[in-house]
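Participant: Dock chains R, D and Z against the given chain V, drawing on the hints supplied.
Residue numbers (this note's numbering), protein chains in the order written: chain V, 1 to 355; chain R, 1001 to 1355; chain D, 2001 to 2355; chain Z, 3001 to 3355.
None of these hints come from the bench; they were simulated from the model.
Glycine included, C-beta positions come from ideal geometry on N, C-alpha and C.
Check each hint, because a few of them may be wrong.
Stated by the list, open to error - If you want the footprint, here are the derived chain D segments under chain Z, 3+ residues with CB under 8 Å:
{"#": "1", "segment": "2043–2052"}
{"#": "2", "segment": "2139–2148"}
{"#": "3", "segment": "2189–2195"}
{"#": "4", "segment": "2213–2223"}
Unchecked claim - The following label-pair restraints were derived from C-beta to C-beta distances:
{"#": "5", "chain 1": "R", "residue 1": "G1032", "chain 2": "D", "residue 2": "S2012", "range": "21 to 29 Å"}
{"#": "6", "chain 1": "V", "residue 1": "E108", "chain 2": "R", "residue 2": "R1014", "range": "14 to 22 Å"}
{"#": "7", "chain 1": "Z", "residue 1": "D3079", "chain 2": "D", "residue 2": "G2263", "range": "53 to 61 Å"}
{"#": "8", "chain 1": "Z", "residue 1": "R3004", "chain 2": "V", "residue 2": "D79", "range": "25 to 33 Å"}
{"#": "9", "chain 1": "R", "residue 1": "A1053", "chain 2": "V", "residue 2": "A66", "range": "50 to 58 Å"}
{"#": "10", "chain 1": "D", "residue 1": "G2263", "chain 2": "Z", "residue 2": "A3158", "range": "52 to 60 Å"}
{"#": "11", "chain 1": "D", "residue 1": "K2022", "chain 2": "R", "residue 2": "G1032", "range": "20 to 28 Å"}
{"#": "12", "chain 1": "R", "residue 1": "G1032", "chain 2": "Z", "residue 2": "A3158", "range": "47 to 55 Å"}
Stated by the list, open to error - Residues from chain Z that face chain R, not an exhaustive set, calculated with beta carbons under 7 Å:
{"#": "13", "residue": "E3233"}
{"#": "14", "residue": "G3256"}
{"#": "15", "residue": "H3260"}
{"#": "16", "residue": "A3293"}
{"#": "17", "residue": "G3294"}
The residues making up each chain are set out below.
There are 4 protein chains.
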Amino acid sequence: MLLRLESTLPRSDRDSILLLCKELGYTTRFLGGRQELLELSGPGAPDHRSRLADLAGVVRVLDVGAARELHERATGSGDTRPDTIVRIGDAVIGGGNVSIIAGPCAVEDEGRLAEIANAVRRAGATALRGGAFKPRSSPYSFQGLGAEGLAILGRVKALTGLGVVTEVLDPRDVEAVGEVADAFQIGARSMTNFALLREVGRTRIPVLLKRGFAATVRELLLAAEYVLSGGNEQVVLCERGVRGFDSVTRNLLDVGAVAHLKGATHLPVIVDPSHAAGRADLVRPLARAGIAAGADGLLIEVHPAPGEVHSDGAQAVGLDAFARIVADVRALCAIDGRTLVTSQLSESPANGGFQ
Amino acid sequence: MLLRLESTLPRSDRDSILLLCKELGYTTRFLGGRQELLELSGPGAPDHRSRLADLAGVVRVLDVGAARELHERATGSGDTRPDTIVRIGDAVIGGGNVSIIAGPCAVEDEGRLAEIANAVRRAGATALRGGAFKPRSSPYSFQGLGAEGLAILGRVKALTGLGVVTEVLDPRDVEAVGEVADAFQIGARSMTNFALLREVGRTRIPVLLKRGFAATVRELLLAAEYVLSGGNEQVVLCERGVRGFDSVTRNLLDVGAVAHLKGATHLPVIVDPSHAAGRADLVRPLARAGIAAGADGLLIEVHPAPGEVHSDGAQAVGLDAFARIVADVRALCAIDGRTLVTSQLSESPANGGFQ
Amino acid sequence: MLLRLESTLPRSDRDSILLLCKELGYTTRFLGGRQELLELSGPGAPDHRSRLADLAGVVRVLDVGAARELHERATGSGDTRPDTIVRIGDAVIGGGNVSIIAGPCAVEDEGRLAEIANAVRRAGATALRGGAFKPRSSPYSFQGLGAEGLAILGRVKALTGLGVVTEVLDPRDVEAVGEVADAFQIGARSMTNFALLREVGRTRIPVLLKRGFAATVRELLLAAEYVLSGGNEQVVLCERGVRGFDSVTRNLLDVGAVAHLKGATHLPVIVDPSHAAGRADLVRPLARAGIAAGADGLLIEVHPAPGEVHSDGAQAVGLDAFARIVADVRALCAIDGRTLVTSQLSESPANGGFQ
Amino acid sequence: MLLRLESTLPRSDRDSILLLCKELGYTTRFLGGRQELLELSGPGAPDHRSRLADLAGVVRVLDVGAARELHERATGSGDTRPDTIVRIGDAVIGGGNVSIIAGPCAVEDEGRLAEIANAVRRAGATALRGGAFKPRSSPYSFQGLGAEGLAILGRVKALTGLGVVTEVLDPRDVEAVGEVADAFQIGARSMTNFALLREVGRTRIPVLLKRGFAATVRELLLAAEYVLSGGNEQVVLCERGVRGFDSVTRNLLDVGAVAHLKGATHLPVIVDPSHAAGRADLVRPLARAGIAAGADGLLIEVHPAPGEVHSDGAQAVGLDAFARIVADVRALCAIDGRTLVTSQLSESPANGGFQ
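Excised from the complex, chain V in its bound form (with noise of 0.2 Å):
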């Protein structure tokens, strides 16, 4: 591990830092005659890095070493740590294998759920989104149908057998909603919600963590950090777009932040172009961009009459659309020898070639 510390550092505070790097188990030495780099050799343990930076005196964390956070790819070893895979239900993200959760924006009818958890399952969806509890910026809209929706999303998956991820919004809803879900959703406005990614990362459900929409990357890795940290390895990142400057599209889906992840950690990162998008008919451009820059996996919002859909700002496809960007997804994947996994019951070609 390798600091930078301040160059008018009294002696007293040089002290405290070498006293806690003590402590954490690191012997210490400076490099060169200005006592402004000092490099530490030890173990590491994953709260080094956040502990030390903290420090008053210290400007920076030059090199982490072995004190690897628990979400980071490379090992103190320089190995290269393998893969996570995530399992929700039938679907496979990480390690290759690409899935596709597909679903309605909220859950309000139980046959027109059923309806089009069939429906994207055939097409090839592998996991039910939908949410009962719905984070909405006015008091006043609609909240989510609450427990019935979590008891309507129970009877739609034994129906169908597809897995369930829905959204979780507040830390004492965790055990109800985790009694329903194979995923956790933590939506974009809960990301900085440190009580409730405590919470989920008690459990052993996965989560489906997305990024908040001016988030750094950096913050979407602690956060995720936050859940690991509490044991629960199972941690799926998700793109959806950041704020932007300009209406043409609702949010700018930062595929270069995908690219990047894909580097940095050896976590799933999965991409949600509804949301991104905020527009029907640029869904699937956005998820082909998705895929194409490297992501395991897509979040998408689909509606089985696209002409019952009215508003200009709706983002949901249809099932033609979603059809379609199931056959582009299966073509990216086979470029790069990656698997789209579809469930047994899929109508679509498990494995097959691109139409």
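Facilitator: Chains R, D and Z alone, transformed into the frame defined by chain V:
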């Protein structure tokens, strides 16, 4: 109220919209021949704007009319609602009253906190800030003293008579924090923690609500609406800088939002120049700019011995710098006939001129 | 055409608007009773949208109708204009043709440039990029070889047969640069240099127009309109990343803008993954994402000996990495039935499958 | 001077760096044993920082030392350069002098312009703004009266005695504009038009340089350096808002940048609240915030008859509002012992107190 509907709306959707309008107590008529502009007449209620805007087929609510939300300044009859005045201990915020809340970032040592509290009170602060629960990007960073920090805050409050503003992060902590706090702080990273907003909305303790670092002004006002709609009318909005692209300041203080808010809402608005600047040397000019733009108060990080703060990024100002800021604020208030409210125990002249 | 007027417009202003409409050849009528929606019927011309939108009292042009701007895909009659196809030497861009333009950042040494040119041609590039005039933030940084750089470009073009894309910065240089260039590059920092845009619009040499790093898509299209309205129809738009808040990439590649542009304009759109990433290791995934989102080509910085590039910020890829990008692009084109155009002298299979 | 070199730099590159240092007149030595920190001793020159930072193998210039750039406030010897004071007609900007430049957006009618000029002079402005050449996003929008507009400006200047600030867009127009202008305005969209910056740097006419709407402070200072290095020392920087994500203001006025600039450079800094706000009702609070943050002046759009401005987006203030802004600025100056400079012909009390 005036709604714009989609131009190609099927009859069944149009009928659904008309039905909800009727249920909400409105009589309706279309303006012009195109069935796009729908005029609603009726008493209105705070939730109608969001509920109508959410309807499929409604493009936009063009004119809110009588359906004023709780934060809005203008009433349906064209009158203006008087300013809300919020009291936090001796601090009075809003309605021409300006107050300064000051203190350290985190509560750490009781003696040190009492020393700072007395010093800032003497210099002109009327409330004490200090975090017992700290939101931290990294799970390995110091998260605050928690319950022990609350106990310290309680004892320092008894000792100094200063009202206490402290952050609450978890809805399960609202009761415990509320036993000490004269105002709950909702941090920028919790602005979209709707479960937490609802919980503090059930209390009758003032809420200092910080703008998320990429939240629009409308989103901030709707977050306030979560608290107001719970029956808690004591909300202070706080602008603390948005995320920008230039690293010379940590955040970009949005004085235009402050000025806009003063016209849009009757709620008081304060500015946090410390988090906006991220640099001690820029706190004073940003504090001045905030007050000059119309802010009703300041939230400032103060450290008793700036010489002990070594980090380049340190944003806490020393007591001398704080005293200069107080003098500036007093002079700026005089320009507008506003009053800088100070504690009776303050050594500063209560309403004196600028020296 | 459909205009929204201000609701409280005095009669004299309304009359002025009606008069201009008549002068432009329209007959007008108000829709509904409120004199807010003004419908115009007539042949239309490309300049009408801007001229009417600029009028005092006009809130918005709601529907452009027949007054199509030159870049627009949709015609007034509801038809779609066919794709513009731009040729730069052997490169063919647009209408299902994909081409790759590659080369060094700046022209420095003739032998080295010829070597790169031959290498990228063999690998699959069909045009050579290289700057003789370099826009630099600092007046003290190397500003390019200028006229000598143009001469080198001319000789390497003669030697290799590759078309040349090179930047022009000053309207007074357009003639000199045009003697060598097969396409003018207008850099991101010149997108709002309207005098320069007009000057290249007077030539009949293709223009590669880069999006400014905080320009909206509408502003990019209007910059193109400056060139098109001068009579030069050979414009290629280039997305190269917008300025974001996270430093893991230098810029934020806006693939949503690429996808939107493919629907909004008949002009071809390419992507510059090198400037977007600012890091050699992310050029390949961003190149793939751009093509997958629908881009008609790539502009890539290539360096023959990546081992000689030491800076952490270096964004040039080596020849091996470039060859992998070309193979990826060929495979991606095959998914859509698009063609990667390569030089006859290329050693790559012209329309072969992906290996 | 202190450079950080790459840790894995080959000997040949290190030798090249050392050679250039020697040619620039420095003696060098490595600090510590890792050959990463290179200390340079010598006289220094303004171009050295950029030239050394550009070298392959140089990670960063850690300490500029004596190689001060022309805009920098601190000198190599640790002293501070005195404020540059720029005069534009009667306006005096910098060194504790505050001036207000006011006028219409574009020059259209001579009588109307003379009327505005007289009115703003009486109210306290000391220079007149008005565009003869207008940068417009659309080629079809009104581009200004050009030469005829310059002639009008010249006659109004003769009539009123006010100095004239007017925009130049094209390097070929610098001579003609310079015959009328007391200061060239370089607009936000021209901040990276380096050919234009060099051209105005060859004159000895003051330059009012606006920050690009997504330019960093460093980029703004380097744009100023283009003018300064041409020998023109009369540069005024202007903050006019950066592009943000919220539409309640057109741009986001960056008062933190103003405060930072006052410490970083000896050049005067003014604020344009009109373009930042994009709304007449917010011009006054933003003007106040700018002056309170330390700005040396204001650039304000004034319209004589605000009742005639109908557009929602109108940002021009009327004469009454302008007079209130002038009174505010005078009072704010008094707080700091600064002087609001007014014309001898002004009807306002030249150095009077605030009423």
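Participant: Decide, hint by hint, whether the structure agrees.
Facilitator: Consistency of the hints with the structure:
1. 2043–2052: n = 6 at 8 Å, threshold three: holds.
2. 2139–2148: holds (count 4)
3. 2189–2195: holds (count 6)
4. 2213–2223: holds (count 6)
5. R:G1032 to D:S2012: 21 to 29 Å: Holds: the Cβ-Cβ distance is about 24 Å, inside 21 to 29 Å.
6. V:E108 to R:R1014: 14 to 22 Å: holds (21 Å)
7. Z:D3079 to D:G2263: 53 to 61 Å: With a Cβ separation near 59 Å, Z:D3079 and D:G2263 satisfy 53 to 61 Å, so the hint holds.
8. Z:R3004 to V:D79: 25 to 33 Å: Holds, at about 28 Å.
9. R:A1053 to V:A66: 50 to 58 Å: Check passed, 54 Å falls within 50 to 58 Å.
10. D:G2263 to Z:A3158: 52 to 60 Å: Holds - the Cβ-Cβ distance for D:G2263 and Z:A3158, about 54 Å, lies within 52 to 60 Å.
11. D:K2022 to R:G1032: 20 to 28 Å: holds (23 Å)
12. R:G1032 to Z:A3158: 47 to 55 Å: Hint holds: Cβ distance 53 Å, inside 47 to 55 Å.
13. E3233: With a minimum Cβ separation of about 24 Å from chain R (threshold 7 Å), the hint on Z:E3233 is violated.
14. G3256: Hint holds; Z:G3256 Cβ to chain R Cβ min 4 Å, cut 7 Å.
15. H3260: Status holds, d = 5 Å.
16. A3293: Holds. Min distance 4 Å.
17. G3294: holds (5 Å)
Consistency note: the structure conflicts with earlier hint 13 alone.
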